[in-house]
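The residues making up each chain are set out below.
2 protein chains.
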Amino acid sequence: MERFRFICSRCGKSEPFSYKAVCDCGGTLLVDYDLELVSQTLFQNQLSLRSSTMWRYRELLPIQHQSSIVSLGEGWTPLLRMPTLEKELQLPALWIKREEQNPTGSFKARGFAAAVSIMNDFQLKKAAVPSNGNAASALSAYAARAGIEVVVIVPKDCPGIIVEECVRYGAKTFLTSGLIHDAGAILEQGKQRYGWVNVGTLKEPGRIEGKKTMGLELAEQLGWKLPDVIVYPTGGGSGIIGMWKAFNELIALGWICGPMPRIVSVQESGCDPIVQSIHQNDSRFIPAANTSSSPTGMRVPHPPDGDLLLSILRQTNGTAVTVTAQEIAVSQKRLGRCGISSSPEGAAALAGCIRLRDNGWIRDTDRVVVFNTSHADKYIHWAAPPEVPIVQDYHDFIAAYDG
Amino acid sequence: MERFRFICSRCGKSEPFSYKAVCDCGGTLLVDYDLELVSQTLFQNQLSLRSSTMWRYRELLPIQHQSSIVSLGEGWTPLLRMPTLEKELQLPALWIKREEQNPTGSFKARGFAAAVSIMNDFQLKKAAVPSNGNAASALSAYAARAGIEVVVIVPKDCPGIIVEECVRYGAKTFLTSGLIHDAGAILEQGKQRYGWVNVGTLKEPGRIEGKKTMGLELAEQLGWKLPDVIVYPTGGGSGIIGMWKAFNELIALGWICGPMPRIVSVQESGCDPIVQSIHQNDSRFIPAANTSSSPTGMRVPHPPDGDLLLSILRQTNGTAVTVTAQEIAVSQKRLGRCGISSSPEGAAALAGCIRLRDNGWIRDTDRVVVFNTSHADKYIHWAAPPEVPIVQDYHDFIAAYDG
Chain A
1125 MERFRFICSR CGKSEPFSYK AVCDCGGTLL VDYDLELVSQ TLFQNQLSLR SSTMWRYREL
1185 LPIQHQSSIV SLGEGWTPLL RMPTLEKELQ LPALWIKREE QNPTGSFKAR GFAAAVSIMN
1245 DFQLKKAAVP SNGNAASALS AYAARAGIEV VVIVPKDCPG IIVEECVRYG AKTFLTSGLI
1305 HDAGAILEQG KQRYGWVNVG TLKEPGRIEG KKTMGLELAE QLGWKLPDVI VYPTGGGSGI
1365 IGMWKAFNEL IALGWICGPM PRIVSVQESG CDPIVQSIHQ NDSRFIPAAN TSSSPTGMRV
1425 PHPPDGDLLL SILRQTNGTA VTVTAQEIAV SQKRLGRCGI SSSPEGAAAL AGCIRLRDNG
1485 WIRDTDRVVV FNTSHADKYI HWAAPPEVPI VQDYHDFIAA YDG
Chain B
1125 MERFRFICSR CGKSEPFSYK AVCDCGGTLL VDYDLELVSQ TLFQNQLSLR SSTMWRYREL
1185 LPIQHQSSIV SLGEGWTPLL RMPTLEKELQ LPALWIKREE QNPTGSFKAR GFAAAVSIMN
1245 DFQLKKAAVP SNGNAASALS AYAARAGIEV VVIVPKDCPG IIVEECVRYG AKTFLTSGLI
1305 HDAGAILEQG KQRYGWVNVG TLKEPGRIEG KKTMGLELAE QLGWKLPDVI VYPTGGGSGI
1365 IGMWKAFNEL IALGWICGPM PRIVSVQESG CDPIVQSIHQ NDSRFIPAAN TSSSPTGMRV
1425 PHPPDGDLLL SILRQTNGTA VTVTAQEIAV SQKRLGRCGI SSSPEGAAAL AGCIRLRDNG
1485 WIRDTDRVVV FNTSHADKYI HWAAPPEVPI VQDYHDFIAA YDG
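So the protein sequences, as listed, match chains A and B. Quick note, in the numbering used here, the first sequence goes up one by one and the last residue is 1527. Quick note, in the numbering used here, the second sequence goes up one by one and the last residue is 1527.
Chain A with its partners taken away, still in its complex shape (with noise of 0.2 angstroms):
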């Protein structure tokens, strides 16, 4: 009996699990769980006896052989109730979901976790990611841990302190004059060529289930009562897939009831194309045109599945918000008094929770978990180790990489 499958999010199609993410009619494959199946050793009431990390979801994870999986120490982060924002912002409850204590001091730590062990399923020993940081250096480490060998392009303002990890984590770097789908173009090409598989957003199966464990953590972490809102600062969105699909495995499950929790997505103004979409009334994505936003993982002007984003954020009642730089160090600032470090995306979820309060569509009664994803530290202005090589396009890469 086949524990997993892959369900076509566009075309309702069901195809078996492959190492593939997108259907043949373009739509994104999403991991079909036999649910049957997972509730015969998956137990609500049993969680508490598993291991402090993502993996108590085992049966929810679409690894083939326990054998394969590659964890440092990944999630069931802390969800912590701010007394002091709730207060000030009239809220019955606020969290903040405290990603920056994953390995790596980040979020992309799960979804890594999630396709490092996948590849290990499928025996693949290269990988390369483009990445605006910190997917880069969570790849980097998982590849580390399974003798993968690995390639990571960010954009050459990426925070140096990030490409320093990257290096230290033994990942061959490079930096890019363009932006992440730049980055993505050359790695693209490479793939014949190198030999590896490109594990950027949607491009394997791995990274959306990885994340998805953080709602399934926010639900068990609440005792199985979602809270009324989310708000998640937003670049791919993998995020918002992946949580988005946990809570209806849950509800499949009969573990939690509806309604879903009305998920925000909060973008920095210069690259805000969730927002611009989503106040259109046609229900199809637009990409940014132009980029001026600061260098941080919302700055992706082309996410792979756009359409999907905004039917998330429309069936879940959600919105999306674009924030201000200027707000984002408000709010950075705001949560380091409440003692949080916290990176810029979390600032800017802080920021759009604000925003959001101020102007109603947050709720006197409404239950809010805001999602910090890093630390503080990794964006002081640092400057790349200067022997990271800054490529243009492939005919440059080939040459730096080759060299």
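Quick caveat, the hints were computed from the structure, so don't treat them as lab data. Fair warning: there could be bad hints in the mix.
Pairs count within a copy or across copies, as identical chains cannot be separated in the list.
What the hints assert, rightly or not - The calculated lysine-lysine pairs, modelled on DSS-like cross-linking and capped at a C-alpha distance of 30 angstroms, are:
1. Lys1280 / Lys1457
2. Lys1349 / Lys1250
3. Lys1296 / Lys1457
4. Lys1250 / Lys1280
5. Lys1211 / Lys1249
6. Lys1249 / Lys1315
7. Lys1137 / Lys1457
8. Lys1349 / Lys1280
9. Lys1250 / Lys1457
10. Lys1280 / Lys1315
11. Lys1144 / Lys1457
12. Lys1315 / Lys1137
13. Lys1457 / Lys1249
14. Lys1280 / Lys1137
15. Lys1315 / Lys1144
16. Lys1211 / Lys1296
17. Lys1349 / Lys1315
18. Lys1250 / Lys1296
19. Lys1349 / Lys1211
20. Lys1315 / Lys1457
21. Lys1144 / Lys1211
22. Lys1296 / Lys1249
23. Lys1144 / Lys1349
24. Lys1211 / Lys1250
25. Lys1211 / Lys1280
26. Lys1211 / Lys1137
No experiment lies behind these values; they were computed from the predicted model shown.
Chain B: place on chain A using the hints.
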């Protein structure tokens, strides 16, 4: 009935618990629990139902009112097997305790969660700490959470990113041209004038108790079977005292059997008074006369109770070992290549482990735990923010603070 009192580690005299840390005889006061009372509510087989923080052991922490507890999600950090290092060092088991996954990115979170909670119990509203960096950062965060005012002084070569953290958490932050004990002297002088309590190492009763939870966790995470060797980077020594105390309490509760793990202190050459002292026949500790080591948490020439440290290392058949800056750099790189971001202190611990394995002190059959206390990122060479004043002595300090 009293849940806990003090017992002096030197003269053995018992006295009621209060806000102090030193006996009239000069010995360190340790918290002594009524273990019969503890056993009435703390059950070994029900711990898994408790929170995934150090507060799962709340009966073994000296907090009088539950409402005093200040938590940012500290403790219950991963204990990670290191298969590659096991093979290279030919050891049956080697674990890294990933203390960098604590809030504020270091093991210091535990001590200050306890210390600030105790301050709440005693309604103390102003704290000060002399520190090599991470203690100042952790106090700043917990004090921010608790609404306690805080002053920190660190040596002027303290890693600048850690200084940034203190400022971010809202601490009044100062640099000194001296070492940690010089910072301590300034803060002791200011107690009366400014009305703060000094929460420096062994100046109050909480920090040892908070650090103790590292030992409790090790035991629980290893299924109540202790490792043979614990390798720990050592500065002031509260972690060593705490873990040794943890194991004694667990033995007294009947939860584990002896023998104690052999505890190893690791220091850097240029400031290794514990190592120098343990190799003397005399039982008295000798502080370091000159200090030339790197600015890390291990650079503590005058630990407050070196005699107690020595006696613990000897009682457990442990030892102390010096490593060079070069060995630390090599180990940091080695850990990076295993996917672990390690502070110089954590890398020193691995370097110490390697030395003792090479010389046979760590045996073929030993199961070893190495502590990684913080993230590598924090130690990048970054200048402290220019607005943080440098003070040479108490006179300077007054001018800078009041000015």
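query = From the Cα coordinates, with 30 angstroms as the cut-off, is the pair lysine 1315 and lysine 1457 best called within, between, both, or neither?
reply = For lysine 1315 and lysine 1457, only the inter-copy Cα distance (29 angstroms) is at most 30 angstroms; the intra-copy one is 43 angstroms.
ask   = Is the C-alpha distance from lysine 1144 to lysine 1211 at most 30 angstroms within one copy, between copies, in both cases, or in neither?
value = For lysine 1144 and lysine 1211, the Cα distance exceeds 30 angstroms both inside one copy (47 angstroms) and across copies (34 angstroms).
Lysine 1144 and lysine 1457: within-copy, between-copy, both or neither at 30 angstroms Cα = Neither: 41 angstroms inside a copy, 34 angstroms across copies.
query = Using 30 angstroms as the alpha-carbon threshold, which applies to lysine 1249 and lysine 1315: within, between, both, or neither?
reply = Only inside one copy: lysine 1249 and lysine 1315 sit 13 angstroms apart there, 60 angstroms across copies, limit 30 angstroms.
request  = Go through the copies and call it for lysine 1137 and lysine 1457: within, between, both or neither, with a Cα cutoff of 30 angstroms.
outcome  = Answer is neither: 48 angstroms inside a copy and 47 angstroms across each miss the 30 angstroms cutoff.
message = If the cut is 30 angstroms between Cα atoms, do lysine 1349 and lysine 1211 qualify within a copy, between copies, both or neither?
response = Result: close within a single copy only, 22 angstroms intra versus 45 angstroms inter.
key: Up to 30 angstroms CA-CA - lysine 1457 versus lysine 1280, copy category   = both (26 angstroms within a copy, 24 angstroms between copies)
query = Can you tell me if lysine 1349 and lysine 1315 fall within 30 angstroms by alpha carbon in one copy, between copies, both or neither?
reply = So lysine 1349 and lysine 1315 fail the 30 angstroms test inside a copy (44 angstroms) and across (48 angstroms) alike.
request  = Using 30 angstroms as the alpha carbon limit, work out where lysine 1280 and lysine 1137 are close: within a copy, between copies, both or neither.
outcome  = neither (40 angstroms within a copy, 63 angstroms between copies)
Alpha-carbon proximity between lysine 1315 and lysine 1144, which holds within one copy, between copies, both or neither at 30 angstroms = Cα proximity of lysine 1315 and lysine 1144: one copy only (14 angstroms, versus 64 angstroms across).
ask   = When no copy is specified for lysine 1250 and lysine 1280, does a C-alpha distance of 30 angstroms or less occur within a copy, between copies, both, or neither?
value = For lysine 1250 and lysine 1280, the Cα distance is within 30 angstroms only inside one copy (23 angstroms; across copies 44 angstroms).
ask   = Is it within, between, both or neither when you check lysine 1349 against lysine 1280 at 30 angstroms Cα-Cα?
value = This pair counts as neither: shortest intra-copy Cα distance 43 angstroms, inter-copy 49 angstroms.
Going down the numbered hints, you'll see the structure goes against 2, 7, 8, 11, 14, 17, 21, 23, 25, 26, while the others check out.
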